[in-house]
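K.L.:
If you're matching them up, the sequences are chains F and L in order.
With the working numbering applied, the first sequence corresponds to residues 1 to 311, in that order.
With the working numbering applied, the second sequence corresponds to residues 1 to 435, in that order.
Just so you know, the hints here were simulated from the structure itself, not pulled from any lab data.
The C-beta atom is built at its ideal place from N, Cα and C for all residues, glycine as well.
Please note that a few of the clues may not be correct.
Pairwise CB distance ranges, derived in the manner of DEER restraints [stated by the list, open to error]:
#1 F:T53 <-> L:P332: 43 to 49 Å
#2 L:E78 <-> F:P37: 34 to 40 Å
#3 F:A196 <-> L:G409: 50 to 56 Å
#4 F:D225 <-> L:E294: 27 to 33 Å
#5 F:R97 <-> L:G397: 30 to 36 Å
#6 L:E142 <-> F:N258: 39 to 45 Å
#7 F:P37 <-> L:A295: 41 to 47 Å
#8 F:R206 <-> L:G169: 47 to 53 Å
#9 F:R243 <-> L:E294: 41 to 47 Å
#10 L:E142 <-> F:P187: 31 to 37 Å
#11 F:P187 <-> L:T105: 37 to 43 Å
#12 L:L144 <-> F:R206: 38 to 44 Å
#13 L:A295 <-> F:K23: 55 to 61 Å
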Amino acid sequence: MRHLLSIEDLDREAIERILDRAKTFTDVSEREIKKVPALRGRRVLNLFYEASTRTRSSFELAAKSLSADVINFAASGSAVDKGESLKDTVQTLSAYRPDLICIRTPFVGAAQLVAGWTTASVVNAGDGKHEHPTQALLDVYTLRERVGRLEGLNIWIVGDITHSRVARSCILAFQTMGAKVTVAGPPTLIPRGMEAMCDVAYDLDRLNEADVVYALRMQHERMTDSFVPSLREYASVYQIDGRRLGPRQVLMHPGPVNRGVELAAEVIDSPQAVIGQQVEAGVVVRMAVLYELLTGRANPKPALTPAPLTA
Amino acid sequence: MLDHRPTPPADVLIKGAHVLDPRTGLDEPLDVRIAGGEIAEIGADLQAPGVETIDGSGRHLFPGFVDPHVHLRVPGQEHKEDIESGTRSAAAGGFVAVVAMPNTTPTVDSAPVLRSLREQARREARIPVGFMASITHGLAGEALTEMAELKACGALGFTDDGKPVHRAGILRKALQYQKLVGGIIALHEEDPTLSGNGVMHEGVVSARLGLAGIPSISESTLIARDAAIAGYEGGRIHIQHLSARESVKAIREAKARGVQITCEASPHHLTLTDEAVAEKLDTRLKMNPPLRTEADRQALIAGLKDGTIDCIATDHAPHAREEKEVPFEQAPMGTTGLETAFAAVYTAGELPLALIVEKLSAGAALMDLPTPEIAVGRPADLVLVDLAAEWEVGAQGYESRSENCCFAGRRLKGKVVTTIAAGGIVYRQRELVAV
Numbered sequence: 001m002r003h004l005l006s007i008e009d010l011d012r013e014a015i016e017r018i019l020d021r022a023k024t025f026t027d028v029s030e031r032e033i034k035k036v037p038a039l040r041g042r043r044v045l046n047l048f049y050e051a052s053t054r055t056r057s058s059f060e061l062a063a064k065s066l067s068a069d070v071i072n073f074a075a076s077g078s079a080v081d082k083g084e085s086l087k088d089t090v091q092t093l094s095a096y097r098p099d100l101i102c103i104r105t106p107f108v109g110a111a112q113l114v115a116g117w118t119t120a121s122v123v124n125a126g127d128g129k130h131e132h133p134t135q136a137l138l139d140v141y142t143l144r145e146r147v148g149r150l151e152g153l154n155i156w157i158v159g160d161i162t163h164s165r166v167a168r169s170c171i172l173a174f175q176t177m178g179a180k181v182t183v184a185g186p187p188t189l190i191p192r193g194m195e196a197m198c199d200v201a202y203d204l205d206r207l208n209e210a211d212v213v214y215a216l217r218m219q220h221e222r223m224t225d226s227f228v229p230s231l232r233e234y235a236s237v238y239q240i241d242g243r244r245l246g247p248r249q250v251l252m253h254p255g256p257v258n259r260g261v262e263l264a265a266e267v268i269d270s271p272q273a274v275i276g277q278q279v280e281a282g283v284v285v286r287m288a289v290l291y292e293l294l295t296g297r298a299n300p301k302p303a304l305t306p307a308p309l310t311a
Numbered sequence: 001m002l003d004h005r006p007t008p009p010a011d012v013l014i015k016g017a018h019v020l021d022p023r024t025g026l027d028e029p030l031d032v033r034i035a036g037g038e039i040a041e042i043g044a045d046l047q048a049p050g051v052e053t054i055d056g057s058g059r060h061l062f063p064g065f066v067d068p069h070v071h072l073r074v075p076g077q078e079h080k081e082d083i084e085s086g087t088r089s090a091a092a093g094g095f096v097a098v099v100a101m102p103n104t105t106p107t108v109d110s111a112p113v114l115r116s117l118r119e120q121a122r123r124e125a126r127i128p129v130g131f132m133a134s135i136t137h138g139l140a141g142e143a144l145t146e147m148a149e150l151k152a153c154g155a156l157g158f159t160d161d162g163k164p165v166h167r168a169g170i171l172r173k174a175l176q177y178q179k180l181v182g183g184i185i186a187l188h189e190e191d192p193t194l195s196g197n198g199v200m201h202e203g204v205v206s207a208r209l210g211l212a213g214i215p216s217i218s219e220s221t222l223i224a225r226d227a228a229i230a231g232y233e234g235g236r237i238h239i240q241h242l243s244a245r246e247s248v249k250a251i252r253e254a255k256a257r258g259v260q261i262t263c264e265a266s267p268h269h270l271t272l273t274d275e276a277v278a279e280k281l282d283t284r285l286k287m288n289p290p291l292r293t294e295a296d297r298q299a300l301i302a303g304l305k306d307g308t309i310d311c312i313a314t315d316h317a318p319h320a321r322e323e324k325e326v327p328f329e330q331a332p333m334g335t336t337g338l339e340t341a342f343a344a345v346y347t348a349g350e351l352p353l354a355l356i357v358e359k360l361s362a363g364a365a366l367m368d369l370p371t372p373e374i375a376v377g378r379p380a381d382l383v384l385v386d387l388a389a390e391w392e393v394g395a396q397g398y399e400s401r402s403e404n405c406c407f408a409g410r411r412l413k414g415k416v417v418t419t420i421a422a423g424g425i426v427y428r429q430r431e432l433v434a435v
C-alpha cells in the first residue's frame with residue numbers, strides 16, 4: 001500500500017492488520033523513553049491547510065515515536081499566503097524528499113491530487129467534507145478495545161452528516177468491519193442520496209436500537225445558513241443526554257465537543273463515553289498507518305514526474 | 001451578422017463521399033463540385049479537370065455544423081481562448097458558424113464593445129462568428145442593456161449566459177422590449193438560492209463525495225417560471241444547456257401550451273453522468289449545469305428524438321491549465337467541446353446518424369441564421385467526416401488554447417477530415433508524426 005487516501009483503499013483484512021499493529025505500539029507510550037527506531041531517518045511532512053490540534057499533533061507524535069523526522073508546514077504564514085498554488089507548494093516541498101506527506105485541506109479530493117504530484121506516500125488527514133480515514137481507523141480501534149468485534153453491531157451516527165468527513169469515513173469503515181450503520185440528524189443536514197450509503201433517520205425515536213451512539217460536532221456557523229433554526233432547538237431534538245443514552249450503549253465523539261449542544265455534560269463524563277480513548281488511540285493508530293506505508297516498500301520509487309490530470 | 005476573415009473561395013471536387021443531408025433528403029454516395037465557394041453541381045461521376053479533388057470514398061459529407069453556444073473569451077480572457085484559436089477549434093470539429101456568448105471582460109453590453117469585437121473577428125475568425133449581447137449591464141441582472149442599439153450593431157440576440165436572469169421583472173421587460181428589437185433571448189436557467197455553492201449534481205454521488213450539490217430543480221423551476229413569462233408576453237426564448245429530466249418535461253409542457261420556446265443539449269450531458277466525476281474528481285468534468293444521472297441523460301436523448309430538444313450546442317468553455325489544475329471545488333465551471341462534439345455523440349451510438357447531423361446544425365435557425373444545406377447554388381458549408389476513424393481525445397493536442405476537455409483520454413469514433421465554411425476550406429486533418 002502506497003497511500004491512504006480513502007477508507008475504500010482498505011479491506012477488512014488491511015484494517016485488522018493495521019489495528020493489530022497499533023495494539024503492539026501501545027506499550028511505547030508507557031515506557032520511560034517513548035520512542036522506537038522503526039522509521040529512523042524517514043522524513044514525514046505535515047501539510048495542514050486547516051486548523052487542527054489533535055490530528056496534527058497526533059501525527060507528529062506518531063512519527064516522532066517511530067523516530068522519523070517531522071516537518072510541520074502550516075498554510076498561513078507561508079508561501080501559500082503569497083498565492084502559491086497547492087501544486088507548486090507540494091512540488092516545492094517534495095524537493096526536500098519527504099517519504100510521507102500528511103495533508104489536510106478544506107477541499108474534497110485534494111489528497112488524491114497531491115498523490116499525483118509527489119513521489120512520497122500520502123495520508124489524507126481530512127479533505128473537505130469527503131474523508132478522514134485515520135479518524136475512522138482510530139474509531140474502529142477504540143470500539144474493538146471496548147466491545148471486541150464490530151460484526152453485527154448497530155451504530156448510529158448522529159448530527160450534521162452533510163458537512164462531516166468523519167461521518168463518511170466512519171460509515172465505510174464500520175460497514176467494512178461488519179456493522180450496520182444508521183445516520184440520524186436534521187433533514188437539512190443529511191444530504192440527498194445518503195440513503196444509498198446507509199440507513200437514514202430524522203429523529204432519535206429508535207436510538208435505543210443502537211449499540212453505539214456516535215455524536216458529531218454541531219458547528220455554530222450552520223445556524224447562519226438556516227440549516228437549523230437555533231442551537232436550542234437542535235439540542236432539544238438531537239442532544240444525547242442521560243435520558244436518551246441507555247446504560248449498555250457506548251458513546252463516541254470525534255471532538256472537539258460542544259458541551260450542552262450535541263452532548264449533555266452528564267454523558268460526556270459517563271462510563272459509557274470512550275471519547276478520551278479515541279484521542280489516545282489516535283497516536284498508536286497513526287503510528288501503525290505510518291509504519292504500514294513506510295516499511296516493506298521494496299520497490300524503488302517512481303521518478304519525480306508530475307502525473308497528468310488523466311493519470 | 002456573422003464575421004470572419006475571408007478565406008479564398010474554394011474550387012474543389014469531393015468525389016465519392018456518402019452525402020447525407022437530412023433536410024434535403026440526400027442520403028447516397030455522390031460527387032459534389034464546389035466552384036467559387038458555392039455548391040455548383042451534385043451528381044454521379046462528376047469531372048472537373050484542373051481542380052483539386054478531395055477523395056471522399058469511405059467518408060461522409062454533411063452540411064456543416066452550427067453551434068449556437070460557445071465561449072471565445074474575447075475580450076479580456078485571452079489566456080483561456082481567443083477568436084483565432086476558438087474558431088480554429090470549431091473548424092476542426094466540423095463547425096461552419098458559431099455564436100459567441102457575451103460573458104467576457106468587459107461584458108458585451110454596449111455597442112462600442114460589440115463593434116470592436118466584430119472588427120476583430122473580421123481579422124481573426126477562421127469561420128463565421130455571430131455575437132450575442134447581454135440582457136443586463138455587466139450581467140448584474142439589474143438594468144437592461146441598450147438592446148435596440150446592440151441589435152442594430154449586429155447582436156444576434158441577448159443572453160446573460162453563465163448567470164440566470166434572477167429577477168422575473170427584468171426578464172419580463174426584456175421580453176417586452178424584444179417586440180421592438182427582435183432577436184432571440186437565450187437563458188441560463190438556474191435558481192441561485194437552490195444551487196447555493198454546489199459544484200456537481202446533487203444525488204448519490206455528491207452525498208458520497210461530500211461535495212455540495214446542485215439540485216435538478218434549480219434548473220427546472222426557473223425554466224417553468226420563464227416559460228410562463230414568455231407565454232404571457234408572447235416572447236421568444238431559447239433555453240441553454242438542458243441537463244435534467246425535469247427540465248425536459250417543463251419544456252415539453254411549455255411547447256404543448258404554445259409557448260415560443262426552444263432549447264439545446266450539450267454533447268457532454270448527452271453522453272456522461274455524475275458517476276464519471278466520482279472516478280477521479282477530474283476538474284474537466286466540472287461544468288454548469290453539472291453532469292447528472294443516467295435517467296437524466298436518457299431523458300435528454302428521448303427529448304432529442306421526440307423534438308422537445310431542438311439542437312445540440314457545445315457550451316465550449318475553455319479555461320487555462322492553472323485554473324483547472326486545482327482541487328475540484330476550486331476549479332471554474334466549464335469544458336471545451338467543439339472538437340469532440342460530433343464524435344462524442346456519434347460514439348455513444350444512441351442517436352440515428354441523420355438526427356445527429358440535423359441537430360448539430362439546427363441551432364442556426366434558432367439564432368436567425370441560415371441553415372447550411374447541401375444544394376446547388378448554396379454557399380459551401382460542408383464537413384467531410386471519416387466515421388470509421390478512431391482517435392484518442394487529446395493525444396494529438398487540441399486546436400483550442402485550452403486543454404480542459406471532459407472527453408480527454410477517451411477513444412472516440414468519427415473524425416473530421418475537412419471543413420469548408422462560407423465557401424472556403426478552413427480545416428484539413430493533420431497528424432503529428434514523431435520523428
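K.L.:
Does each hint fit the structure? Answer for all of them.
P.N.:
Hint check:
Between F:T53 and L:P332 the beta carbons are some 34 Å apart, a value that contradicts the proposed interval 43 to 49 Å. Between L:E78 and F:P37, the C-beta spacing of about 57 Å breaks the proposed range 34 to 40 Å. At about 27 Å, the beta-carbon gap between F:A196 and L:G409 misses the expected band of 50 to 56 Å. A hinted range of 27 to 33 Å for the beta carbons of F:D225 and L:E294 is consistent with their spacing of about 31 Å.
Distance hint for F:R97 and L:G397: a CB-CB separation of about 33 Å, consistent with the stated range 30 to 36 Å. Distance hint for L:E142 and F:N258: a CB-CB separation of about 41 Å, consistent with the stated range 39 to 45 Å. Remark: the range hint 41 to 47 Å for F:P37 to L:A295 is contradicted by a beta-carbon distance near 57 Å. For F:R206 paired with L:G169, a C-beta distance near 49 Å keeps the hint of 47 to 53 Å intact.
A hinted range of 41 to 47 Å holds for the C-beta pair F:R243 and L:E294, which are about 46 Å apart. About 35 Å separates the C-beta atoms of L:E142 and F:P187, a value consistent with the hinted range of 31 to 37 Å. The hint said 37 to 43 Å for the Cβ distance between F:P187 and L:T105, and at roughly 41 Å that hint holds. The beta-carbon spacing between L:L144 and F:R206, approximately 56 Å, falls outside the hinted interval of 38 to 44 Å.
Checked against the hint of 55 to 61 Å, the pair L:A295 and F:K23 fails, with Cβ atoms roughly 47 Å apart.
Checked against the numbered hints given earlier, the structure breaks hints 1, 2, 3, 7, 12, 13 and satisfies all the rest.
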